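Going line by line, the protein sequences match chains A and E.
Its first residue numbered 43, the first sequence is counted upward by one per residue in the numbering used here.
Its first residue numbered 43, the second sequence is counted upward by one per residue in the numbering used here.
Quick caveat, the hints were computed from the structure, so don't treat them as lab data.
A few of these clues could be false.
Identical copies look the same in the list; a pair holds intra-copy or inter-copy alike.
As the list claims (entries may be wrong) - Result set (BS3-like, lysine-lysine): computed pairs, CA atoms no more than 25 Å apart in a straight line:
id, residue 1, residue 2
1, K53, K133
2, K129, K211
3, K106, K159
4, K106, K203
5, K60, K159
6, K129, K233
7, K106, K155
8, K211, K155
9, K211, K233
10, K211, K53
11, K60, K76
12, K233, K53
13, K234, K141
This structure is a prediction, so every number in the text was calculated from the model and none was measured.
Protein chains: 2
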Amino acid sequence: MNPIRLAQQMKFIAEVDKLKQVVRESWLVDASRKETDAEHSWHITVMALLLSEYANHDGIDIFKVMKMLLIHDVVEIDAGDTFIYDKDHAKDQNNREQKAANRLFGLLPADQKDEFKVLWEEFEAMNTPEAMFARAIDSIQPLLLAYLNGGCSWRIHSISKSQVIETKKHMGNGSSELWKYTQELLDDAVKKGILKS
Amino acid sequence: MNPIRLAQQMKFIAEVDKLKQVVRESWLVDASRKETDAEHSWHITVMALLLSEYANHDGIDIFKVMKMLLIHDVVEIDAGDTFIYDKDHAKDQNNREQKAANRLFGLLPADQKDEFKVLWEEFEAMNTPEAMFARAIDSIQPLLLAYLNGGCSWRIHSISKSQVIETKKHMGNGSSELWKYTQELLDDAVKKGILKS
Numbered sequence: 043m044n045p046i047r048l049a050q051q052m053k054f055i056a057e058v059d060k061l062k063q064v065v066r067e068s069w070l071v072d073a074s075r076k077e078t079d080a081e082h083s084w085h086i087t088v089m090a091l092l093l094s095e096y097a098n099h100d101g102i103d104i105f106k107v108m109k110m111l112l113i114h115d116v117v118e119i120d121a122g123d124t125f126i127y128d129k130d131h132a133k134d135q136n137n138r139e140q141k142a143a144n145r146l147f148g149l150l151p152a153d154q155k156d157e158f159k160v161l162w163e164e165f166e167a168m169n170t171p172e173a174m175f176a177r178a179i180d181s182i183q184p185l186l187l188a189y190l191n192g193g194c195s196w197r198i199h200s201i202s203k204s205q206v207i208e209t210k211k212h213m214g215n216g217s218s219e220l221w222k223y224t225q226e227l228l229d230d231a232v233k234k235g236i237l238k239s
Numbered sequence: 043m044n045p046i047r048l049a050q051q052m053k054f055i056a057e058v059d060k061l062k063q064v065v066r067e068s069w070l071v072d073a074s075r076k077e078t079d080a081e082h083s084w085h086i087t088v089m090a091l092l093l094s095e096y097a098n099h100d101g102i103d104i105f106k107v108m109k110m111l112l113i114h115d116v117v118e119i120d121a122g123d124t125f126i127y128d129k130d131h132a133k134d135q136n137n138r139e140q141k142a143a144n145r146l147f148g149l150l151p152a153d154q155k156d157e158f159k160v161l162w163e164e165f166e167a168m169n170t171p172e173a174m175f176a177r178a179i180d181s182i183q184p185l186l187l188a189y190l191n192g193g194c195s196w197r198i199h200s201i202s203k204s205q206v207i208e209t210k211k212h213m214g215n216g217s218s219e220l221w222k223y224t225q226e227l228l229d230d231a232v233k234k235g236i237l238k239s
C-alpha cells in the first residue's frame with residue numbers, strides 16, 4: 043500500500059461528500075423537498091442498470107455508462123447545479139465545469155484523475171453510444187419525478203411541453219424507446235394540467 | 043418494447059425514490075445533518091470504484107461489487123435503517139429485510155427481480171470475494187465520515203473504539219489494507235478525543 047496514493051483517494055472521497063449538499067431543481071416523488079445531486083446520481087445509476095435493454099446500440103458497455111453517471115455531477119460541487127431551462131446561467135457553464143473537473147479530479151492519483159476526467163468528457167461530448175444512453179437516463183429521471191410529483195418544477199418555473207421537448211429531444215439518440223415513452227408521459231402531463239401545452 | 047415490462051421497471055424506479063427519505067445515523071463531513079440512504083449508496087459505489095485495488099482477492103468483479111452496493115440498502119425503505127450498534131433493533135432485522143426484499147424487488151419483471159435478489163442475498167451472506175469487499179466499503183464509509191466530522195455519531199451514542207473494532211473487524215476479510223488504515227484512523231480518533239478508548 044502506498045500511503046500517499048491512499049491519502050489522495052481518501053481526500054477525494056471526503057471532498058465529494060459535498061455533492062450531498064448540492065440541491066437540484068427536481069422534487070422527490072412525494073413533493074416533500076428537492077433532491078440532492080448525490081441522490082440523483084444514485085437514482086440514475088440504478089436506472090441505467092435496470093433500463094439498459096432500451097439502449098439504441100447493441101453491446102453497449104453498461105458498466106461504463108454507470109461509471110459516467112456516478113461521477114458526472116461531481117463538477118457541480120464547485121460549479122453549482124445549472125437548471126436546464128435557465129439559459130443565462132448556462133452561458134458560462136462549460137467554463138465553470140471545466141475548472142471544477144480540473145480541481146476535483148485533480149485530487150486523485152494521476153491514473154484515476156485521467157480515468158475520471160475521460161469518463162466525464164465523454165459524457166459531456168455525448169458522441170459515443172455509452173454517453174448517449176447515459177444522457178438519456180440523466181434526462182428521463184427528472185421528467186419522471188416531475189410527472190409523479192404533480193409537475194412541481196414545471197409549475198414553479200412555468201415550463202411548457204415544447205420547452206421540455208426542445209431540451210430533451212437528444213434522448214432519442216441514446217434510446218428511441220425511452221424517448222417515445224417520455225413523449226407519452228408529457229402528453230399525459232399536459233392532459234392532467236401539470237405541464238403547459 | 044413490452045409496455046407491461048417497462049411499467050414494472052418504472053414502478054420500481056418510482057418506489058425506490060423513497061430511499062432518499064431513509065435517514066442514517068451518519069453525519070455529513072461538515073456535520074450539518076445526517077445523510078440519507080440514497081446519498082450513502084452513491085458514496086460507497088464511488089468508493090468501491092476508486093478503492094478496488096485494495097481488495098484482498100485478485101480479479102474481483104468490481105462491476106458486481108458496485109451493483110451490490112447500489113441496491114443493498116433498498117430494503118431499508120420498508121425495514122428502516124438499523125444502527126449497527128443498536129443490538130435490540132437488530133434482533134428482527136433479517137426478518138424485516140427479507141420481507142422488504144420480497145416486496146420491493148417483487149415490483150420488477152421476474153428476471154430482474156431474481157438478479158437483484160441474488161445480488162442482495164450475496165451481499166448479506168458475505169461469503170464471496172465481491173460481497174466481502176462490498177461490506178468492507180459499506181463499513182469504512184461511515185467511519186470515515188465520523189472521523190472527519192468530529193465523531194458526531196460516536197459521541198451522540200457514546201460509542202467506544204472496542205465497539206467499533208468488534209462490529210467492523212469483518213472488514214479485514216474484504217480488504218486487509220483498508221482494515222489496517224481504519225485501525226490507524228480509530229487510534230487517531232481516540233487521540234483526538236472524539237472516540238472513547
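**Message:** Hints numbered earlier in the text: which of these fail when held up against the supplied structure?
**Reply:** As far as the earlier hints go, 1, 4, 6, 8 and 13 are violated by this structure, in ascending order.
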